[in-house]
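Please build the complex by placing chain B on the supplied structure of chain A, with the hints as guidance.
Read off the chains here:
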Amino acid sequence: GEDVEQSLFLSVREGDSSVINCTYTDSSSTYLYWYKQEPGAGLQLLTYIFSNMDMKQDQRLTVLLNKKDKHLSLRIADTQTGDSAIYFCAEPLRGYNKLIFGAGTRLAVHP
Amino acid sequence: GAVVSQHPSRVICKSGTSVKIECRSLDFQATTMFWYRQFPKQSLMLMATSNEGSKATYEQGVEKDKFLINHASLTLSTLTVTSAHPEDSSFYICSARAQVEAFFGQGTRLTVV
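Those protein sequence lines, which keep their order, are chains A and B. According to the numbering used here, the residues represented by the first sequence are 25 to 135, in order. According to the numbering used here, the residues represented by the second sequence are 2 to 114, in order.
Just chain A, same shape as in the assembly (with noise of 0.2 Å):
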């Protein structure tokens, strides 16, 4: 079935890179998506990667694709303390429009 993983919880230091992992089931989702929600707030979509692509740099932004492994990663440089929010990967669910979400990371930037 579908079913999309991630790590939790993560804690950084304020300036440290953060990695948040996910993995994802369904090899055929042409995208996957990167959201960020911070309390109380709706989803903000962060950044997209098509499914050719193995790598998307958008400013503080990595996100890296390994198809092979459905591996995805968020790589968030210099992290600062307004980075601190609940991280959720997604993917669209097989033949539908409709996404399918991680548990979500909470990211935690401390001094």
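If you're looking for bench data, these hints aren't it; they were derived computationally from the structure. We put the CB at the ideal spot given by N, CA and C, even for glycine. Each hint should be verified, as a subset may be incorrect.
[To be verified] 25 Å max Cα-Cα, derived PhoX-like pairs, lysine-lysine:
id, chain 1, residue 1, chain 2, residue 2
1, B, Lys56, A, Lys122
2, A, Lys122, A, Lys80
3, B, Lys42, A, Lys122
[Stated by the list, open to error] If you want the ones that stay clear, here's a sample from chain A, every Cβ over 12 Å from chain B, calculated:
id, residue
4, Gln30
5, Gln61
6, Gly64
7, Asp78
8, Gln83
9, Leu85
10, Lys94
11, Ala101
12, Asp102
13, Gly106
14, Asp107
15, Asn121
16, Ile124
17, His134
18, Pro135
Okay, now just chain B, sitting in the frame of chain A:
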């Protein structure tokens, strides 16, 4: 980027009453919108797919008579929680896709007392 607006952001209602939540795509047309529910410290659970001009498609275990969905136009979908009970208290989030990107509303915190 495209914007999805959800209203209200918070609502408190009495047990037994109904609550309507609106989801609008502000600068694009969405033939399909999605409604999710999120429990504290948990991921998003898809409730239903809202289809413009036709009936919504509900996920397994979601009561369609309890959660009424109307998608009357290409920019508006509504979710009505009927005869709300305390166990319906949750964070409800809508989503709409503009081509590849899927955008989310700000969410509605529903508290049933």
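Which hints from the list above does the structure break, by number from lowest to highest? 4, 5, 6, 15 and 16
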